[in-house]
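Peer 1: Chains as they are written, first to last, in my numbering: chain H, 1 to 219; chain S, 1 to 280.
Please note that the accuracy of each hint is not assured.
Unchecked claim - Some chain H residues close to chain S (C-beta under 10 Å, calculated; not the full set):
1) Arg116
2) Gly118
3) Gln132
4) Glu182
As the list claims (entries may be wrong) - Residues from chain H that face chain S, not an exhaustive set, calculated with beta carbons under 8 Å:
5) Asn121
6) Ala122
7) Arg124
8) Ala125
9) Ile126
10) Thr129
11) Ala131
12) Arg136
13) Ile137
14) Gln141
15) Met144
Just so you know, these hints were derived from the structure itself, not from any lab.
These numbers come from a predicted model, not from an experiment.
The beta-carbon is built from N, C-alpha and C at its ideal position, and this holds for glycine as well.
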Amino acid sequence: MNLDWSVVWDNLPRFWDGALMTFWLAVLTMALAIPGGLILAFMRLSKIWIVAKSATAFVEFFRATPLILQIYWAYYVLPAYFDVQLSQLATAIAGLGCNISAFNSETFRAGIVSIRLGQWNAGRAIGMTDAQVMGRIVLPQALMRVLPALASTWVSLFKDTSLVSIISVADLSYVSLKIRTESFRIFEVLTAMAVIYWLMGYPQAKLVDWLHRRYKVAE
Amino acid sequence: MTGSQPKQRRVGDASAPILALERITKRYGVLTALEDVSLTVNRGEVVCLIGPSGSGKSTLLRCANALETLEGGRILFEGSEVHAGDPKSARAVRQRMGMVFQNFELFPHLTVLRNVTIGPTTVLKLDQAAAERRAKALLAKVGLSDKASAHPAALSGGQQQRVAIARALAMEPALMLFDEPTSALDPETVGEVLSVMKALADEGMTMVVVTHEMDFARRVGDWVVVFDKGRVLEEGPPKQIFETTTVARTREFLSHLGWHGESTLGASAQALADKEDIAR
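Throw the hints in and build the complete structure from the sequences for me.
Peer 2: Set out below in structure tokens:
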């Protein structure tokens, strides 16, 4: 096999730009999907039927259909039939944001219902409103409890951002596949792509593991 | 008070009761937890509720603290009716009533100090410094000044329960409810919790205590109420219940607990005796 790694070194600035885009896509998506997931979780726990059911419908739709279809649908159907014009980047973030919000809402909801009723009673017994008990007693414990689950969502999200390359958002995948097409250096380019994803993803996974150990709530 | 029937004198019966349960009924589905129960608690009085497990004692405390809605009757606290279904009314009651749970229910994510300050800062809107001063004084009172910055998980059961008592006292309640406060404890830590409770009673705190500690009920209680199957079987001063009862079911219950009319020298009795020696 005749390998020529110069294609990687020569295109380093382009890989760098793609990697940055991947990073920011994941960060912005999570910045939307944490509040989004919380809102959906609170809606699903609501006693008002229509609020709970509409959140359930949203969550079940986004969890049960492929992300790639959601991105295509947002990119082609929304502008054509609903007169919504979003840039490719905005479409990508909106699609990923809705999808990850749906997954996060299930994580948050599981965390909230896992806090035992006695904690609610203890908070109420000192005169707190239910909102205060939720905000100061239940949610902080629930969030720490679900940190590992959120972390795995983050790591999958980081890799799933590659799907937005199908609508020409210049992330690491899009850039890499483009360089491959231009240079025909399939082995070198795809290997470089894998190494860059791993170099970015592995420390994040480790950092999240550390956060989990550091903020574990002992009972 | 001059009732039409002859009544036994009770602590604090010169003024209106702080808590009055009037013929309350509480059901969970088909299960009747409390049936037509009436009970009064006077200011400064220590009322102990005893009886077999599942006889409705804990349910009664939860009803008093507006954590349960009633199927019948009403509850008056400081002269006004408790409405568990109305969040505002329920909160007003709970602010004035401290509650201590069998399983402590400290907030595990907060330090001991924060567990005690969180009520005053969030509910009473006390500023942080004032709340901390109050909390530190209360932690000193329950003998845990050195644990202020620890998290609950680092404490023994007895220590956690003492923090829970301090947390309830931080709201400066008019009445304290204790729901089997020593039932989940290792035997060697029961005494330290009972000592704190006795000290509180000696200061004149009004207390309702659900307990299986008969020594405590006899020595600290001013009034004892015996429950069975969701009803009040008998009530009276400790002497009547523990020494001269004529109710067969009360005698049967007490003998099941190994009570034969006089104090046993168990760990808790010894701790209370020690406490009295120290006070002297």
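Peer 1: Indicate, hint by hint, whether the structure satisfies it.
Peer 2: The hints, checked one at a time:
1. For H:Arg116, the suggested interface contact is upheld, since its CB lies about 9 Å from the closest CB of chain S, less than 10 Å.
2. With its C-beta approaching chain S no nearer than about 5 Å, H:Gly118 sits inside the 10 Å limit, and its interface hint holds.
3. Below 10 Å, beta-carbon pairs count as interface contacts, and H:Gln132 has one with chain S at about 5 Å; its hint therefore holds.
4. The restraint placing H:Glu182 at the interface with chain S is violated, with a minimum CB-CB distance near 54 Å, outside the 10 Å limit.
5. Below 8 Å, beta-carbon pairs count as interface contacts, and H:Asn121 has one with chain S at about 6 Å; its hint therefore holds.
6. Below 8 Å, beta-carbon pairs count as interface contacts, and H:Ala122 has one with chain S at about 4 Å; its hint therefore holds.
7. Contact between H:Arg124 and chain S, as hinted, is supported at the beta carbon level, the nearest pair being about 6 Å apart and thus within 8 Å.
8. Of the supplied interface hints, the one on H:Ala125 holds, with its beta-carbon coming within about 4 Å of a beta-carbon of chain S, less than 8 Å.
9. For H:Ile126, the interface hint holds, the least distance from its beta-carbon to any beta-carbon of chain S being 4 Å, beneath 8 Å.
10. Checking H:Thr129 against chain S: minimum C-beta separation of about 7 Å stays under 8 Å; hint holds.
11. Proximity of H:Ala131 to chain S is violated relative to the hint, the smallest CB-CB distance being about 10 Å (cut-off 8 Å).
12. For H:Arg136, the shortest C-beta to C-beta distance to chain S is roughly 6 Å, which falls under 8 Å, so the interface hint holds.
13. Taken as an interface hint, H:Ile137 checks out: its beta carbon lies about 6 Å from the nearest beta carbon of chain S, inside 8 Å.
14. About 5 Å separates the beta-carbon of H:Gln141 from the nearest beta-carbon of chain S, less than 8 Å, and the hint is met.
15. At about 7 Å, the closest approach between the beta carbon of H:Met144 and any beta carbon in chain S falls short of 8 Å, and the interface hint on this residue holds.
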